[in-house]
Amino acid sequence: MLQVPMEYYLILSAFMFTVGVAGVLIRRNAIVVFMSIELMLNSANLTFITFSSYLGNSIGQIFVFFVMTVAAAEAAVGLAIIIAIFRNKLSVNIDEINIFKW
Amino acid sequence: MPANNYEYFLLLPHIVLSVGIVLSILIEIFTRKGKEVLPWFSSLLFLFVGFYSIINIDKNFFIFGGMVEVGGRASIFNFIFNIAALLTVLASTDYIKKYGINYSEYYILIQSSVLGMMVMAMAHDILVIFMGLELMSICFYILAGLNRKRSSNNEASLKYFLLGSFATGFIVYGIALVYGTTGSTSIQNIFENFMQYFNNILFIVGMLLLLIGFSFKIAAVPFHMWVPDVYQGSATSVTGLMSTAGKAAAFSVLLILLGTSLSYSSPIVFRNYFSVIAVLSTLVGSIIAIAQTNLKRMLAYSSIAHAGYMAIGLAAGNNYSFAGITFYLAAYVFMNIGAFTIISLIEGKDETRLTLNSYAGLNKKSPFLAAMMSLFMFALAGIPPMAGFFGKYYVFFGAIKSDLTWLAIVGVLSSLISVYFYLRVVVYVYFMNENEQFEIEKSVGSNLAISLTGLLVLLFGIFPDSLMNLIVNFIK
Numbered sequence: 001m002l003q004v005p006m007e008y009y010l011i012l013s014a015f016m017f018t019v020g021v022a023g024v025l026i027r028r029n030a031i032v033v034f035m036s037i038e039l040m041l042n043s044a045n046l047t048f049i050t051f052s053s054y055l056g057n058s059i060g061q062i063f064v065f066f067v068m069t070v071a072a073a074e075a076a077v078g079l080a081i082i083i084a085i086f087r088n089k090l091s092v093n094i095d096e097i098n099i100f101k102w
Numbered sequence: 001m002p003a004n005n006y007e008y009f010l011l012l013p014h015i016v017l018s019v020g021i022v023l024s025i026l027i028e029i030f031t032r033k034g035k036e037v038l039p040w041f042s043s044l045l046f047l048f049v050g051f052y053s054i055i056n057i058d059k060n061f062f063i064f065g066g067m068v069e070v071g072g073r074a075s076i077f078n079f080i081f082n083i084a085a086l087l088t089v090l091a092s093t094d095y096i097k098k099y100g101i102n103y104s105e106y107y108i109l110i111q112s113s114v115l116g117m118m119v120m121a122m123a124h125d126i127l128v129i130f131m132g133l134e135l136m137s138i139c140f141y142i143l144a145g146l147n148r149k150r151s152s153n154n155e156a157s158l159k160y161f162l163l164g165s166f167a168t169g170f171i172v173y174g175i176a177l178v179y180g181t182t183g184s185t186s187i188q189n190i191f192e193n194f195m196q197y198f199n200n201i202l203f204i205v206g207m208l209l210l211l212i213g214f215s216f217k218i219a220a221v222p223f224h225m226w227v228p229d230v231y232q233g234s235a236t237s238v239t240g241l242m243s244t245a246g247k248a249a250a251f252s253v254l255l256i257l258l259g260t261s262l263s264y265s266s267p268i269v270f271r272n273y274f275s276v277i278a279v280l281s282t283l284v285g286s287i288i289a290i291a292q293t294n295l296k297r298m299l300a301y302s303s304i305a306h307a308g309y310m311a312i313g314l315a316a317g318n319n320y321s322f323a324g325i326t327f328y329l330a331a332y333v334f335m336n337i338g339a340f341t342i343i344s345l346i347e348g349k350d351e352t353r354l355t356l357n358s359y360a361g362l363n364k365k366s367p368f369l370a371a372m373m374s375l376f377m378f379a380l381a382g383i384p385p386m387a388g389f390f391g392k393y394y395v396f397f398g399a400i401k402s403d404l405t406w407l408a409i410v411g412v413l414s415s416l417i418s419v420y421f422y423l424r425v426v427v428y429v430y431f432m433n434e435n436e437q438f439e440i441e442k443s444v445g446s447n448l449a450i451s452l453t454g455l456l457v458l459l460f461g462i463f464p465d466s467l468m469n470l471i472v473n474f475i476k
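Top to bottom, those sequences are chains Z and U. Counting from 1, one number per residue, gives the positions in the first sequence under this note's numbering. Counting from 1, one number per residue, gives the positions in the second sequence under this note's numbering.
Derived from the structure by calculation, the hints contain no laboratory data. We put the CB at the ideal spot given by N, CA and C, even for glycine. Hints are supplied without guarantee of correctness; some may be wrong.
As the list claims (entries may be wrong) - Covered by chain U, per the in silico footprint, the following chain Z stretches (three or more residues, Cβ under 8 angstroms):
(1) 63–77
(2) 84–94
Stated by the list, open to error - Straight line, CA to CA, 25 angstroms or less: simulated DSS-like cross-link-like pairs of lysine-lysine:
(3) Lys35(U) x Lys98(U)
(4) Lys149(U) x Lys89(Z)
(5) Lys35(U) x Lys442(U)
(6) Lys364(U) x Lys89(Z)
(7) Lys89(Z) x Lys349(U)
(8) Lys349(U) x Lys364(U)
I would like the entire structure built from these sequences, with the hints used as guidance.
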């Protein structure tokens, strides 16, 4: 069976991470920013799985379970925070969330 | 190495705290008295865990296959976290009623965040560090936004959440790369063959991402953008805990990482990184704080500057400076919680009295609060014989030991700048005429917390050697 080289997975996950970072920096909708952060976590998961599989070492797979759990907890808290802010402001645009300056 | 079945016994503080959290949730569900019982229950819990840890400081072992260190350094940090949480609970029982966050969850979240910090302080495996970090951070995101009807709380918690999880993304990706190049998540294994991995570009990138992520958490420039907004927007008691214990927990992880690298005598390759961070943080924090009139925001910038002073110790990278950082953290925790408690007494119902003007003539309204505020400001500025002076002294001395005299000079210069805005508060308190009439709230718990922190700050300042010797013995 033809095996895909490890580099392909690593390049894909690095690309996903870059897209996530760019999304956080460029997008202005709080939910899209949050989705970009999840993309960053998932790119790290892909890296873990790749290394775990090619090193023949199970620590990476265990780590992925922990990262997924944390991402779920973060999603619950984060969406609750975004809902709370939407109720007060009727907007989730982070440019309008600007009581504090300098 | 202790016998296998003994390992769980060494983890007693963590187990007691975990059971306490579950019990607190049950108390909240099944009784109607959660709000009255939980402050006392959590105070007792923190007292027990803190003192149990510090009494068992000699039992210094690596357990669970080297994943976790108990006793020693972990005990010192457990003590700091638990006493900080105890003081916060004491100071906030009256405050949270005024602020509108008198929920039982407040105490449960504080307990959980302290558990996260304790896990971080004992970890010798990146997986354990990550779990502790997230447990602490997620609790802080909720605590920052606990009053969901206040837009300042909403904004603080959204900013904290987005930037905090952004930093988590960096940390996780960095861990993934480090794991990939070393095949292990144990800090011991990673640093044993550090120089051999150091030719690998993936390993360098991974380490750098990890360090950047933790620089976010310790609030160092250029990763400090969230700090002023979050500290100003959250409830004052919560800010007191986040800015002290949370920072101490992040520093405990950096101390473990750099300490392990030191014990395998790999050269301190992180020196340049931490030197840059230290210079930027001390100068930017001190200079921008001058322009602030809001006291909470001023203390936020001062907390950035303090992260910079501690980063000087990280750059120095010897055992003495690491012990100095631990001493500095202990001192910083007490003086900052004291200052925030005074702010929480004065700020009024809708946080209307946060500016310097409200502190004018405080001496006439309450001589006790005025004296304590000056004490904490002198301590934060680093004027002897307060604890803050010796924290800075040990860290700068550690830097000179590593031939980083220029860094120590930068630190001293920016302390001089910072004296201006700390002493300005004292001038307002004692030498200005009062231009606002208001009643200062009476709160036994807050006054107790202020007296205790004041006493500790003075004690650490007058007898610094006894604490420092204890720390030096256990930081190897």
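Mind checking the alpha carbons of Lys364(U) and Lys89(Z) for me, to see if they're no more than 25 angstroms apart?
violated, 41 angstroms
Next pair to validate is Lys349(U) with Lys364(U); report whether the Cα-Cα distance is within 25 angstroms.
Roughly 21 angstroms between the alpha carbons, so the hint for Lys349(U) and Lys364(U) holds.
Are Lys89(Z) and Lys349(U) close enough, with their CA atoms no more than 25 angstroms apart?
holds, 22 angstroms
Decide if the proposed pair is consistent with the structure: Lys35(U) and Lys442(U), CA atoms, cutoff 25 angstroms inclusive.
holds, 20 angstroms
Confirm or reject the coverage of the region 84–94 of chain Z by chain U under the rule of 3 or more residues with a beta carbon closer than 8 angstroms to the chain's beta carbons.
Since three or more residues must qualify, the claim that chain U covers the region 84–94 of chain Z holds, with 6 doing so at under 8 angstroms.
Quick check: the region 63–77 of chain Z, covered by chain U? Criterion 3+ residues, Cβ under 8 angstroms.
holds (count 7)
Proposed proximity, Lys89(Z) with Lys149(U) (alpha carbon, max 25 angstroms):
Roughly 11 angstroms between the alpha carbons, so the hint for Lys149(U) and Lys89(Z) holds.
Between Lys35(U) and Lys98(U), does the CA-CA distance stay at or below 25 angstroms?
This hinted pair holds, its Cα atoms lying about 14 angstroms apart.
Comparing the model with each numbered hint stated earlier shows that hint 6 is the single one that does not hold.
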